[in-house]
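Trainee: Residues per chain, in single letters:
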Amino acid sequence: MRILLVEDDKSMVVILTKFLLRQNYVVDVAQDGEIGWEFVESAQYDLILLDVMLPKLDGISFCRRLREHKNQVLVMLLTARDTTTDKLLGLDSGADDYVVKPFNIQEFGARIRALTRRGNTYFSPILTCGELCLDSNLHQVTYKSKLLQFSRKEYLLLELFLRNQKRVYSCQEIIDHLWAFDTEPPNDSTVRSHIKNIRRELKSAGADDFLATVYGQGYRINPTFIFATTPTTISEQAATSVDLDFAQPDLPDLPDLPDLTKQELLDVSVTEIWQQTKNLNFERLNVLEQFVENLKVGIFEDTLHQKAIQNAHKLSGALGMFGFDYGATLARKIDTLLKSKFPPLSMNSRLADSESLIKKVELLVIRLHRELETADKDNQMPISSPISVTDSAKLVLLNTKILVIGEDIELLTKIKTFFISSGVQCICLDSRANFWASLRSFQPDILIIDISVQSSDWLALCRSIRSDSEWDWLPLIFLTASDDFEVQQQIFVTGADDYVTKPIVFQELYIRISNRLQRIKSLRSRVKKEIASNKSNKLNKLNKLNRGIYDK
Amino acid sequence: MTNKRVLVIDDEEDIREVAKVSLEIMAGLDVILAGSSYEGIQKAAAEQPDAILLDVMLPDMDGVMTFEQLQANPVTQNIPVILLTAKVQVSDRQRFASLGVRAMIAKPFKPAQLAQQIVATLGWE
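As you go down the protein sequences, you meet chains A and B in turn.
Numbering of the first sequence is given in our numbering, commencing with residue 1 and proceeding in unit increments.
Numbering of the second sequence is given in our numbering, commencing with residue 1 and proceeding in unit increments.
Worth double-checking, as some hints may not be accurate.
Which residues of chain A face chain B? A few of them, derived with a C-beta cut under 10 Å, are [to be verified]:
{"hint": "1", "residue": "ASN222"}
{"hint": "2", "residue": "ILE226"}
{"hint": "3", "residue": "SER269"}
{"hint": "4", "residue": "GLU272"}
{"hint": "5", "residue": "GLN310"}
{"hint": "6", "residue": "LYS314"}
{"hint": "7", "residue": "SER464"}
If you are wondering where the hints come from, they were derived from the structure by calculation, not from laboratory data.
Backbone N, C-alpha and C fix where the C-beta goes; we use that ideal spot for every residue, glycine too.
Make a model of the complete structure from these sequences and hints.
Mentor: Dropping the structure here:
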């Protein structure tokens, strides 16, 4: 469904556009009445959202002009005025509905659905054709009750055909309906490839020739599918007149809708920006990696050093802003090291001191790289809500069960006190003796092993957990006293998911645990969804889940 | 109703864009963007924003010099400037304050808080 939004208030435009896009509408935006009118003349809209106070051509005159031109498109007026005279004036000008700002965005969405259902075009939230069913409230398509997967554009294309079941659409007409003006219009082959994908998905469900090609003209629904359709709601809509009682808007029963608060809209927008600009961070990281590579072969260049400092600084600012607090901390550490310890005095003589300094920077850069890659792979943003990192971690970790094992009793006590004061259930073991029994009775969500005291073979314990079919999924975090690269490599080879070096910064430990658990949670929910949709076989997905956990 | 307009001067695209959506969504402000000091100074004079959010580390001219240029031009000297900076040591804070900078916001900032901080600093609540 294509909507034109004519609105000059920038923040309204941002909020409404994001909301409408989320509801799977195609949206064009015009900032004043005249531009809006040009849009109306060049595209066919299903609904126009019209601000009343507009520069150049006000909403009421806009609406009158539409009706004078016999354009019967649905119009909803958006206005700050809230008097009966204004409402009547708006409706007399030919508008179909009226919302008063500030309005509740969910009510606004419901009104759009209500309006389009009773409008002069055929809009029902549930569209069926034979056994194919598209539920526009849930954005779901099923065939013989089997859930089908479509991309956003494929979904919109299918919706277009289902709303106009006997119509033939050419590629150009499809483009006109489904691509907004501000996006680069695709060529016909893009449309054809969407059609191909839709056909493939339909075929997998047994609806082989649902979309038929009409040679030289375009595409349509295969008429053999249409005969089975019950012609719902058309007559019902025709009988419904415009509802004048605004005190009792025509709100349908709705399923749960995403509740878009400003914070959520901001989160969505920030995530989009991250997606579009994340390569900048890989470029910044690349400068640091180059600097380290040079150092390793004994080259110290002042310009590159300055560039590296700048980029570490930028990384810290950007990652922190996107909510990757751990990545930001690493970048800040690198920044500080580069500023304070370089150039190392013994660059030429390659003394042990400078070797270890270089190793230290290298390690930090490697960790940062891993952080960035994980962020990229998960395609997921941390919470950017105004609550502090600690608070957000607390939310995630509340009621989490953590088992800690080690030999340093003092440290174990500190850890236990810290976790319990934060609402986490925590048990500490100071030897391996009761490990397996405690594991089974406590059923932890995560295990922390302190390997800094090396009298016990912790790595062997780690290996035995990884080979235990009941516990091989358990996330393992190591506490280590060593910054040594080889030790850390060994830790990962053994099957650890992460490590924290001593002295332990509790906040860091907290963030790492909460990150890990959040990722596992999101992996699990993804797998659950996929299993529910029967898209592929369950075992495969569980394997993927397990691999996902170990890969980190 | 006209919205307040803020000019954001930062050479980093991601930071610029996040600042923009933060100010637009959380505070309903209009945002003008500039990717360099030069562009920022031009736009400040031409667009007459209600406030300027200025990054301290810019490649073509640092934030302090940019600020001084804005101060030197009668057309832009009264526009309040907020510095976006990682340097939050007391000495820096005092130095910037003595120059006439309205406030400093530390990087990294949280998107949701940026708008609040700016609105509160400028008394636009």
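Trainee: Decide, hint by hint, whether the structure agrees.
Mentor: Taking the hints in turn, this is what the structure says about them:
1. ASN222: violated, 44 Å
2. ILE226: violated, 44 Å
3. SER269: With Cβ-Cβ at 4 Å, under 10 Å, it holds.
4. GLU272: holds, 9 Å
5. GLN310: This interface hint holds because 7 Å falls under the 10 Å limit.
6. LYS314: holds, 6 Å
7. SER464: Hint violated; A:SER464 Cβ to chain B Cβ min 41 Å, cut 10 Å.
Violated hints, listed in ascending order, are 1, 2, 7; each of the other numbered hints is respected by the structure.
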